[in-house]
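So the protein lines, in turn, are chains A and B. Here our numbering is used: the first residue of the first sequence is 2, the next is one more, and so on. Here our numbering is used: the first residue of the second sequence is 12, the next is one more, and so on.
If you are wondering where the hints come from, they were derived from the structure by calculation, not from laboratory data. It should be emphasised that the depicted structure is a prediction, and the values quoted were computed from it without experimental measurement. Heads up, a few of these hints could be off.
[To be verified] Taking lysine to aspartate or glutamate pairs in the EDC-like style, the calculated list, with each CA pair at most 16 Å apart, reads:
1) K152/B / D303/A
2) K152/B / D309/A
3) K142/A / E154/A
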Amino acid sequence: MSTPLSRYIHTVAGLLFIFVRAHAQDVVYQTNGKKLECKIIEVTAQKIKYRIPQNPGPAYSMESADALLAFNASGNYVAFPLAEAQQAQAAGFMNPVVGRQFDVIVTTDNQAVAAMELSVGGKEAKFKNDKKKDQKLARTKITVILYKDGRHELFVDPAKAAAALTAAKPQVDKLTGADNAIKTDASANTKEPQATGDAVAFPGGPEEFERFRNKALVKVDELGTYLATIVNPQTPTDKSNSTIDLAVTLFVNEAARVEVSNVNTGIKNKYKIRDYLRRLKLKGADYQQVEVSYADITYASDFRKGPDGNYYGVVSFVQTFKGLVDGKIIYGDVTQRNVTVILKLYEKAVDGETKKLWDVFLADIGIQETRKL
Amino acid sequence: MRFFFWLLAFCAFRPVCAQILQNEVTANFAHQVKQIDEFIERFNNQDNTLIKRYAERLDTTVRFRRENLIKSLFNASDPDWNREDILRFIAQANDTVKPVYLDFFDNHWYAEVNCAVLYRGKPNKLTLVLKIQREKNGASKWVAVSAIADYLRLPVRLDTTTGLNPLSHATDFMNMDLLATDKKNIRNYLPDGHHNDMLSVFLYESQNNRLAISQVNKITYHFMQVGGWVFTVGRFNRQTRNSGWLINRLLPMDAEAKRKYALEKLNLPVEMRTF
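Chain B with its partners taken away, still in its complex shape (with noise of 0.2 Å):
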């Protein structure tokens, strides 16, 4: 359904800018998000984000109600957003009496980077999963938590019947070499719900100059830290208000489909498919 009941978020000052904007770079840079921390600060309320000392500057008894905040930092040029499920995130996140905040050190929230690389000589694709490490001194890093690339995947398995059988010690594991040479069916000789460890692959094919990373092309944040909601963020560059880092996936998700989501879409190893 088409709705774009979030442009009333800054219905309380919109009509103020527009007697006072002259500059439309300046108005849509403002009300841009323009970094993932400025996201952070709308979503949270801050007071000293940006937008409201814009606005304040405008009007001194301009005052901002957080869910407005909240709505404003939907893709309002989505037609098919649900609307029940955005007011029933808002109303979680703003709950009078266990508000939800996003922090930058949260544990559950990814960036997913998607990269041009040269694979042997030629171009193709690559993402690469990165979350916030906090160190012990309060200094904190990005750091690589999965990759995911085709010709970085096990193939699937064309014959289940090959595989070491279980009297193989009794040969003294003679065709163990079976391991390095039945490439296509390598799965077999590896335990059921073997984790796909492709970022072990990526660092290794890279370590051995097979593998360069030319740009990165697009970034979506995954933010899985909400109780009952996972939802992404992306950029949006344009020349309008509703710009910059919006969030352009909300989906309704138990802790159960969480860790499928954690797993089938990012990849990620079990230490981080606890929520």
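Chain A with its partners taken away, still in its complex shape (with noise of 0.2 Å):
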């Protein structure tokens, strides 16, 4: 169970590892030629997630197949086109680094060798292996060295390092201890971070969040049930005043307000919640029969915490209305709804104790009807 204490001690953790990957700089090399410099998310057989420090903003992803190698700021790499097979590699891609004494130099020959106080001169390069024993190697015989400080360099073109990085990527694993790190974390959460903010802050984090999306579009689609129900000449006269009441529940209280636009006339009237309901009830009454439908697809803003403290989102969903008289359609319209939900405190007693808790309310609702059928 989530204390306290643990989430704080769980928020600390993250902020310093935030605050290590601020200061280092992950690379793509991608088929184009190009070099992208950017803090390296996700990476999959499909897909590799970034973000650029320069310019914050939400997760960018490029095709996998768009890119030649990805390093991050550890040192640890993966080479492309990446098998499914290879996903473990992925992972541990994004693992931390296990930390090293030595550079690890990639030959031309896909060997990977261990190098001690290297230094690399115009002509040739000169370290100690793991014997301690002096070393030299051409620079000709060189494709990337893998500095144990995380920074890399490429003696080759990005796709001939390629090659060499694949082939090599047993050794270098074993040399740096990464195969026994992709064993031991290969389980590890390498889920991209919300696009906003907002969600590490609230209480519960991303997932109850997205709890409360879903409650706010079960509500949402519950509140489309109502309506129909409502709007129906066939519904008796004591079901659609109890179906009034219900409906007028799910909101955070009776002052939320609708307001109805005509794109065709301009004019917009607002009415309280159970007076639109009612109206809705009365508009139904010119017709015999009427059909109402929902497209099977609904939009839903991100929540945003407002000054309040409550977190507010926006639901967006379609409608279609068909108001039938002797079997014929004499009016229709296709209105498109957006319905404030707010993420609010509420005070519940539970066993005798008053406890607070969030839940998800609907509030006011922009209606824009859009065409006449």
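Hints given; two lone chains; assemble the complex.
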């Protein structure tokens, strides 16, 4: 169970992670010859997701097929194309690097060599091997150097380097200890952070946000069902009245308003929710039969924290209305409804105690009548 | 030049749509840019944006390219687009090294809200300009940063010769009352470059019950945060796939031109005219 202390530790750990990463730079070598400096957040066989530190925004993604090589700031790398079977390699890429005291030279014959006290000159590289014996290697024999501080240096074009690094990957992982890290951390969470910082700030985190977002969609769906019942002239008066009462309970309070705008006339009218529902009932009485249908898709914005501490979102959905007399459509329209959803704390008595709980409520609605059928 | 190249934006899945879609309303709604948040999502090519999920529901192999998504955000019914500008803009936004993203909390984007008002008992119009303000606790809200209406403006001076003469101090500014009475030449009593703070006038008039907002008629979003460009987004209510919040104007603009635009178009205060 998540306690305040564990949440605190989790938050601090997260901040530390962000701090270290913020001072480093990941790189993607692309097939078009460009070098993309970024912060990689996920690598799969299909996609590379990343952010641009200089241009904060939501995560961007590129097809893995457009990449040759990706290095992270720790010096981990992935060479593309990446088969599905190599997914663990991609997961390992996101894991913290195992610290090491030596650089790694990948040679043109695809060998990985541990190098200590490495110095690279114009013609050759000098270093000590794992037995501390002095070694020399011509520059022309080197494809890539992976430095212990996370930097890397390519001595050939990225396509050739990618091929060499792919071939040498088992050796490199063995030298750096990454093979063990992959085995133990392959299940590490590499999920993309939320696009908005608000979700992180919400108690319970992004998962809870998502839960409430789904709950909001259920409530909006429920509202749609009630609207269809209320406007239906076949609905007995008692039932339509009780349905109005039920619909109102979905709202944060009865002060919630509905603004109806007709795009043809430009006229907008505002009603309190109960008044609007009563008018809807009267509208249905003009017909012998009505048909109300909804598109099976809705758009829900992200929640954002408002100045009152509540979180606000808007769910958009579209409704088609047809009013029939003697089996003929005498009126019809398509309306888009934008329903404000408020995620707020409310008090509830549980086992004799008053608890503060979060829940979603519907609030103001904007309705646009866009087309007469 | 009339062109509809952006209609190619969805060519990857349109044929599939045509076969599968039974409900035109649903299809239009899926394609429509329903909220400005969705506009930002599509501009940024976010993975979870609705159009992608909708298209993937129809065809799991569908792949979106960001340039096509951005093209689809332009109002396709305008025959007067400058094709070269659009292509340059998209190339800049979609640059693989320094791509451009929009963030809801960016500084330089504004909502121009045209309102119907009652001013001194008579119907009139008013434009309010709003921006998102981020609070320290992570909350945010829209705040009004300027107001525009002819009746809130200081009048153009008719006579440049009036004003407080340079020795007014010696008479203890005895003509100070002219500031209240020389109404048509009030600018003569103010420094050159005085910012016409119509927002304060609006607030004063509404606080004194002389001005009331009846309804919002139209909203235009001005995005000024992209280097070298300003574009505006308006709502197109129509039952087509190219509907909702779409780019209706794209202007190449350097920093100086943006400062001028911020003043002349949006009447922004000086602290918001830094680019």
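Now the hints, each set against the structure:
1. The hinted pair formed by K152/B and D303/A meets the criterion: a straight-line CA distance of about 14 Å does not exceed 16 Å.
2. The hinted pair formed by K152/B and D309/A meets the criterion: a straight-line CA distance of about 10 Å does not exceed 16 Å.
3. With a CA separation close to 14 Å, the supplied pair K142/A and E154/A stays within the 16 Å bound.
Taken one by one, the earlier hints all hold for this structure without exception.
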